[in-house]
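Using the sequences plus the hints, can you model the full thing?
Residues 1 to 257 (the UniProt record's numbering) make up the sequence shown, in order.
Don't read these hints as lab results, they were simulated from the structure.
Every residue gets a Cβ at the ideal spot worked out from N, C-alpha and C, and that includes glycine.
Don't take each hint at face value.
Dumping the calculated DSS-like pairs for lysine-lysine here, alpha-carbon to alpha-carbon at most 30 Å [unchecked claim]:
id : residue 1 : residue 2
1  : Lys-112   : Lys-164
2  : Lys-212   : Lys-6
3  : Lys-176   : Lys-6
4  : Lys-164   : Lys-234
Derived CB-CB ranges, DEER-like [as the list claims (entries may be wrong)]:
id : residue 1 : residue 2 : range
5  : Ala-174   : His-144   : 17 to 27 Å
6  : Thr-56    : Thr-171   : 13 to 23 Å
7  : Ser-146   : Gly-173   : 21 to 31 Å
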Amino acid sequence: MAAQVKHRAAICEDDANSLAYIDQLLNRAFAASQLSMSFDAYDKPERLLAAIERGTHYDVLFLDIDMPRLNGIELTKRLRNSGLHTAVVFISNKEEMVFQTFDVQPLYFLRKSHFLEGLPHLVQAVTRELRDSRKTLVTIEELHSSNIYSFDVQQLMVIEAMGKQCLFTTTTGATKIQCRLGALAERLAPYGFVQCHRSFLVNCRFIFSIGKDSLTLDNRSMIPIGRSHREAVKTAFMAVMNRQNVLHNTDSSERNC
Numbered sequence: 001m002a003a004q005v006k007h008r009a010a011i012c013e014d015d016a017n018s019l020a021y022i023d024q025l026l027n028r029a030f031a032a033s034q035l036s037m038s039f040d041a042y043d044k045p046e047r048l049l050a051a052i053e054r055g056t057h058y059d060v061l062f063l064d065i066d067m068p069r070l071n072g073i074e075l076t077k078r079l080r081n082s083g084l085h086t087a088v089v090f091i092s093n094k095e096e097m098v099f100q101t102f103d104v105q106p107l108y109f110l111r112k113s114h115f116l117e118g119l120p121h122l123v124q125a126v127t128r129e130l131r132d133s134r135k136t137l138v139t140i141e142e143l144h145s146s147n148i149y150s151f152d153v154q155q156l157m158v159i160e161a162m163g164k165q166c167l168f169t170t171t172t173g174a175t176k177i178q179c180r181l182g183a184l185a186e187r188l189a190p191y192g193f194v195q196c197h198r199s200f201l202v203n204c205r206f207i208f209s210i211g212k213d214s215l216t217l218d219n220r221s222m223i224p225i226g227r228s229h230r231e232a233v234k235t236a237f238m239a240v241m242n243r244q245n246v247l248h249n250t251d252s253s254e255r256n257c
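Printed below as a string of structure tokens:
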């Protein structure tokens, strides 16, 4: 049986009583659901923003709108402009601002005055979003830490070993995590990843070309290929390409039926 994916969420609310109330009810609601979710609570949007900029990954953000200095909508705009498209849920009594939230495409808007009534629908919406079949999430538990990171393998391009840390580069940014590349290679092989060098693990979906001593990714960055890894890289790359062609042909046939 496959291990259940652990998701991570952040709650940001400047009122201490509201923050404790929302935190308690969200924890209770998701604990009763089929979705494994842990929550971090922030009383200031600046603290949440700083955590994300340091590399903390969240699968969903639960945000108040009316907060001093940086409201929930402006915070989301900053994240969107930086290329982060994390699911956002607004929890607010500012119903008149619901139309302003459309610019940042929130997953859900829940009124605080109807929080209990709307909570089951919120849990369903978040569950559907995070279990979208197009997303395959893998979680990485950092060594000597309680930090847990999750990545969509469709966006994870390359992992580079850097001493005791690994640099995870996605289509939207990069995150350093203390972990071992060797353990990751075995875990990620079923998702189309291959170790091309003692210090690099690449997602074959992002390989543009393969040369004698290096490969080029779609973004034109070059990754070295170790001599002992050359044949494995070619084999893994062809397997992924063949699998994608089969899926493409199947989809085309179904559309033509």
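A quick look at each hint next to the structure:
Restraint check for Lys-112 and Lys-164: the C-alpha separation of about 44 Å exceeds 30 Å, so the hint is violated. A C-alpha spacing of about 39 Å is found between Lys-212 and Lys-6, which places the hinted pair above 30 Å, so the restraint is violated. A threshold of 30 Å between alpha carbons decides the hint, and for Lys-176 with Lys-6 the separation of about 19 Å falls inside it, so the pair holds. For the hint pairing Lys-164 with Lys-234, the CA-to-CA distance comes to about 28 Å; that is within 30 Å, so the pair holds.
The hinted window of 17 to 27 Å between Ala-174 and His-144 holds, with their beta carbons roughly 21 Å apart. The hinted window of 13 to 23 Å between Thr-56 and Thr-171 holds, with their beta carbons roughly 18 Å apart. Ser-146 and Gly-173 have their C-beta atoms about 22 Å apart, which keeps the hinted 21 to 31 Å range intact.
Violated hints, listed in ascending order, are 1 and 2; each of the other numbered hints is respected by the structure.
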